[in-house]
Amino acid sequence: AQSVSQHNHHVILSEAASLELGCNYSYGGTVNLFWYVQYPGQHLQLLLKYFSGDPLVKGIKGFEAEFIKSKFSFNLRKPSVQWSDTAEYFCAVNAMDSSYKLIFGSGTRLLVRP
Amino acid sequence: EAQVTQNPRYLITVTGKKLTVTCSQNMNHEYMSWYRQDPGLGLRQIYYSMNVEVTDKGDVPEGYKVSRKEKRNFPLILESPSPNQTSLYFCASSSPLAEGLTGELFFGEGSRLTVL
Chain A
1 AQSVSQHNHH VILSEAASLE LGCNYSYGGT VNLFWYVQYP GQHLQLLLKY FSGDPLVKGI
61 KGFEAEFIKS KFSFNLRKPS VQWSDTAEYF CAVNAMDSSY KLIFGSGTRL LVRP
Chain B
1001 EAQVTQNPRY LITVTGKKLT VTCSQNMNHE YMSWYRQDPG LGLRQIYYSM NVEVTDKGDV
1061 PEGYKVSRKE KRNFPLILES PSPNQTSLYF CASSSPLAEG LTGELFFGEG SRLTVL
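Note that the protein sequences, when read in sequence, are chains A and B. When the letters of the first sequence are read in order and numbered with the numbering used here, they come out as residues 1 to 114. When the letters of the second sequence are read in order and numbered with the numbering used here, they come out as residues 1001 to 1116.
Be aware that a few hints might be false.
With a straight-line cut-off of 25 Å between C-alpha atoms, the simulated SDA-like cross-links for lysine to any residue are [to be verified]: (1) Lys-101/A / Glu-1030/B; (2) Lys-1057/B / Lys-58/A; (3) Lys-61/A / Gly-1110/B; (4) Lys-101/A / Asn-1028/B; (5) Lys-58/A / Pro-1096/B; (6) Lys-71/A / Leu-1041/B; (7) Lys-1057/B / Gly-28/A; (8) Lys-101/A / Asn-1026/B.
Because the hints were derived from the structure by calculation, they are not lab data.
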């Protein structure tokens, strides 16, 4: 079965520190990849997505992610985090296997200290 | 404004009392889905629908029913709620990109359900 792994469940950083959140998936075929963010008490919002083309994807609020097909990874990065980035981050994978399923990772809670 | 609307946002109920969580989207999306979010488990898909009168089970469908009589609405029904269905529920919609691909999901605000 397809799965998505987010290895860091909780991350604590100080403002201006760099961020990298890991995401690995298990499907070997064509995939669409997403990162969603959930700010405290809010619903999920799309941060960025990869469908095809340049494997380095830029999203909102200075976030970017790199798709490395050989490693089945789609890690999220931000060079300098802000207190307002405190949120939970979810990686999600849509495998092109006709199931229309979007499989989510278990999430990473990021706390940015001012 | 493009949005997915869920109601109620908060509900406390008792075991066995049937309830329905409504979901409506105004973006003319074909695809709609229900997820539940539990700490440490991320989002797990309950049911999804590719179009009117077409529904399929997700990963955790037990104890839930859905219907898709109209394109914009996708209610989640708990016929006999139990405490293990206490959770945060999200409805989402999208326009599929191609066969099997959901594309970007647009989420509702969430419905926090407590079953005593």
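Looking back at the hints listed earlier, which ones does the structure fail to meet?
Result: hint 2 breaks, nothing else.
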